[in-house]
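Number of protein chains: 4
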Amino acid sequence: MKVLFIQTGGTIDKDYPKTNAGYAFEIDEPAVSRILEKSFPGFQFEVKSLFKKDSMDMTDQDRNELMSLLSSTEYSKIVVTHGSDTMVQTAQHIGNIKGKTILFTGSYRPQRFAESDADFNIGVAVGALNVLTEGTLIAMNGKIMEPETCYKHPETGLFETK
Amino acid sequence: MKVLFIQTGGTIDKDYPKTNAGYAFEIDEPAVSRILEKSFPGFQFEVKSLFKKDSMDMTDQDRNELMSLLSSTEYSKIVVTHGSDTMVQTAQHIGNIKGKTILFTGSYRPQRFAESDADFNIGVAVGALNVLTEGTLIAMNGKIMEPETCYKHPETGLFETK
Amino acid sequence: MKVLFIQTGGTIDKDYPKTNAGYAFEIDEPAVSRILEKSFPGFQFEVKSLFKKDSMDMTDQDRNELMSLLSSTEYSKIVVTHGSDTMVQTAQHIGNIKGKTILFTGSYRPQRFAESDADFNIGVAVGALNVLTEGTLIAMNGKIMEPETCYKHPETGLFETK
Amino acid sequence: MKVLFIQTGGTIDKDYPKTNAGYAFEIDEPAVSRILEKSFPGFQFEVKSLFKKDSMDMTDQDRNELMSLLSSTEYSKIVVTHGSDTMVQTAQHIGNIKGKTILFTGSYRPQRFAESDADFNIGVAVGALNVLTEGTLIAMNGKIMEPETCYKHPETGLFETK
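Protein chains in written order, with this note's numbering: chain F, 83 to 244; chain S, 83 to 244; chain Z, 83 to 244; chain B, 83 to 244.
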């Protein structure tokens, strides 16, 4: 198995790189690299940084750029890390790409936190990637969901199936 | 989705509960509970402690006891956490159980460690569980493998496919 | 030894409490409580939340309020957690209080991070508190410094002695 | 301030370096290096590994070797990390060394654990080192204690003053 991980941004990659000035959380290097480094991966992978954006700031132009990368890459198994607020929207925008399995995931708490859901979520996406043969799907809250039939609940923040 | 997690022991659950005496690592409460607590799970689950054993200490009688639980439980989606050294042996002993998807996983470093592969591995098992409909499989090193065709490499410790 | 810990805010207490919306880091519950909970403290202590402010937002009125609490409390050994940017200014504003040892500290990275200086810094303040008998001091970068003769370096962010 | 940190072993340095075989906790590289790396230290320091022993395995010959290093080193401010079970005994064996401040510390839970008292304890020792001018002391449970008048409580494991 060969997997491409694409960073678009979101909470999972939020870090606190500065030692000066006030509120300084920023989307920094891909958390996926740190997760895989400690997880003894037995498959080949590449981590590519496309955007470092909060998902509220993702535009349709960004989505087209992501689409372009997903279509042109030689990888057939891909994990896209993305902020949760517009993850479903982006996954719907991408839709199915023939011969490719694409899993969108992210996290509620930055991977830098001692208590984060990031490692688990990346694992869920990778576990599903092993088994699926085609499709663009959401991996959040330990569930694999179709973007057409799921949504982020406005109050709990959890991803639910319609 | 409803998932049963069964603890049999192994490195994933190693803790350091004592404040006195020398080398005091012990297999303690199931790490799975702590992982799920911080991972915003959107599915129902139960965590059951069957054994707290290093996998070198697992006997065939233990394996029969595990088999008995797996066969009799109403759950059809099950994750078994297990020490890595005899994980393949136990999974082979269990074999396929009609209508049930069973994923064996564990970790190289205790979940209590700041740098551990435990969260990722549990995620991989849960991700595969979402998609698979039957079978008894190994989820280690980010890969889903058949117990009949994989082994733990004696030098690297990684799970490889024959 | 009996120690009062006073929260005024700053990076040390930054958390990510929300599961919805964009950039959501907030100053939350005192990190000191979590640090002491895992550190087997052998002394009596109380944790009091006075403010949850970034240090850039501390006003002289806030400083007077802190002064008032420091003067009136029965505790003679006190740790004040504070954002680093105006920590020296606040410590100078407070000055020496007869019979009281007051240590100001904080952190560069939130205590919630797996890699944080928070635990170490609180330790440094507590270690100095054990030994000192009077004075208002800064405990940052593993050093105990007089507020009159130290400053936060505008580029490195480290506390230096003039 | 220039500080020498000496590793003798103990729980603070326990790690899990292997991916094969059963119970594999070992005393590994000095935890102090990892703690200081993330704590923005503003003082000069050196970390020296003398032993990697559980404190139950420390012999009087080891203590003499430590004594020899403490006496001959040019450093006047020293932190010795040590297993807790015989820490008092070793500190008493060393006794006062003219012109030197020596703090013994360690931890109840390995520094590798997400929840450990190691960072705090090293901080306590460093905080006291800043202020003290001579003496050989114990820094455990957030307290600075004379080795002659303290002991590790056989049941709670906490360090108490007689």
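These are computed hints drawn from the structure, not numbers from a lab. Take the hints with a grain of salt, since some may be wrong.
Since the list gives no way to pick out one identical chain from another, each pair is judged satisfied if it fits inside one copy or across any two copies.
[Claimed, not checked] The calculated BS3-like cross-link candidates involving lysine-lysine, where the alpha carbons are at most 30 Å apart (straight line), are:
no.	residue 1	residue 2
1	LYS120	LYS180
2	LYS134	LYS120
3	LYS244	LYS84
4	LYS180	LYS134
5	LYS84	LYS120
6	LYS135	LYS120
7	LYS120	LYS244
8	LYS130	LYS120
9	LYS84	LYS182
Evaluated hints:
1. LYS120 x LYS180: neither (32 Å within a copy, 35 Å between copies)
2. LYS134 x LYS120: Close inside one copy (23 Å) and across copies (24 Å); limit 30 Å.
3. LYS244 x LYS84: between (32 Å within a copy, 18 Å between copies)
4. LYS180 x LYS134: within (27 Å within a copy, 46 Å between copies)
5. LYS84 x LYS120: Classified as both: same-chain Cα gap 18 Å, cross-chain 29 Å, threshold 30 Å.
6. LYS135 x LYS120: Answer is both; intra-copy 25 Å and inter-copy 24 Å each pass.
7. LYS120 x LYS244: between (36 Å within a copy, 24 Å between copies)
8. LYS130 x LYS120: So LYS130 and LYS120 pass the 30 Å test inside a copy (18 Å) and across (27 Å) alike.
9. LYS84 x LYS182: Both, since 12 Å and 28 Å are each at most 30 Å.
Checked against the numbered hints above, the structure breaks only hint 1 and satisfies the rest.
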